[in-house]
Amino acid sequence: LIIADPAFNINQATFDVISYNIDNFTNQNFRTEGTLIDNNFIMINVSGFRNFSQAMKYYRSFRTDQLVRNPSGVRMFTYLISSDNLKLINKENNPERYLLFFRENYINLPSE
27 LIIADPAFNI NQATFDVISY NIDNFTNQNF RTEGTLIDNN FIMINVSGFR
77 NFSQAMKYYR SFRTDQLVRN PSGVRMFTYL ISSDNLKLIN KENNPERYLL
127 FFRENYINLP SE
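If you use the working numbering, the sequence shown corresponds to residues 27 to 138, in order.
A few of these clues could be false.
Claimed, not checked - Keeping only pairs whose Cα atoms sit at most 20 angstroms apart, straight-line, the calculated SDA-like set for lysine to any residue is: (1) LYS113 to THR58; (2) LYS83 to ASP49; (3) LYS117 to GLY60; (4) LYS113 to GLU59; (5) LYS83 to ASN71; (6) LYS113 to ASN131; (7) LYS83 to LEU125; (8) LYS83 to TYR46; (9) LYS113 to ASN65; (10) LYS113 to LEU125; (11) LYS83 to ASN131; (12) LYS83 to THR52; (13) LYS117 to THR104; (14) LYS117 to ASN65; (15) LYS113 to ARG129.
Stated by the list, open to error - Ranges between beta-carbon positions, derived for each pair: (16) ASN119 to THR52: 34 to 44 angstroms; (17) ARG86 to SER109: 18 to 28 angstroms; (18) THR52 to GLU122: 25 to 35 angstroms; (19) GLU122 to ALA33: 12 to 22 angstroms; (20) GLN80 to ASN131: 13 to 23 angstroms.
The hints are simulated quantities; they were obtained by calculation from the structure and are not laboratory data. Model, not experiment: these values are computed from the prediction. We treat Cβ as the ideally placed atom computed from N, Cα and C, and that holds for glycine.
Can you make the complete structure from the sequences, with help from the hints?
Here it is, written out as structure tokens:
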């Protein structure tokens with residue numbers, strides 16, 4: 027989850043994602059971590075998926091607008107990302123560029 031406003035309440039957003047995981051994936055051991063990246067954006071990272079299929083199912087079930095409290099209407103978006111690409115995003119500081127790549131290459135793939 028990318029939150030485009032670095033002033034957004036990172037603790038609340040992380041808590042909302044953790045609550046979703048506990049309510050919907052009780053038998054999974056997902057790790058959720060919120061990070062402010064270069065004071066430009068917030069990244070809430072969920073890890074611990076067994077494989078791409080499980081990650082894609084999670085991605086398709088996660089509805090940011092319904093799960094993360096956002097009273098000020100801050101721009102948020104989600105995608106799946108490998109560990110290597112995550113390092114690139116953190117280095118390049120441009121999460122929207124990867125969003126375009128993700129949509130072009132992964133969004134229409136089946137989850138199984």
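Verification of the hints:
| no. | hint | result |
| --- | --- | --- |
| 1 | LYS113 to THR58 | holds, 17 angstroms |
| 2 | LYS83 to ASP49 | holds, 16 angstroms |
| 3 | LYS117 to GLY60 | holds, 17 angstroms |
| 4 | LYS113 to GLU59 | holds, 15 angstroms |
| 5 | LYS83 to ASN71 | holds, 16 angstroms |
| 6 | LYS113 to ASN131 | holds, 19 angstroms |
| 7 | LYS83 to LEU125 | holds, 18 angstroms |
| 8 | LYS83 to TYR46 | holds, 14 angstroms |
| 9 | LYS113 to ASN65 | holds, 16 angstroms |
| 10 | LYS113 to LEU125 | holds, 15 angstroms |
| 11 | LYS83 to ASN131 | holds, 16 angstroms |
| 12 | LYS83 to THR52 | holds, 15 angstroms |
| 13 | LYS117 to THR104 | holds, 19 angstroms |
| 14 | LYS117 to ASN65 | holds, 13 angstroms |
| 15 | LYS113 to ARG129 | holds, 19 angstroms |
| 16 | ASN119 to THR52: 34 to 44 angstroms | holds, 35 angstroms |
| 17 | ARG86 to SER109: 18 to 28 angstroms | holds, 21 angstroms |
| 18 | THR52 to GLU122: 25 to 35 angstroms | holds, 33 angstroms |
| 19 | GLU122 to ALA33: 12 to 22 angstroms | holds, 18 angstroms |
| 20 | GLN80 to ASN131: 13 to 23 angstroms | holds, 19 angstroms |
Checked against the numbered hints given earlier, the structure satisfies every one of them.
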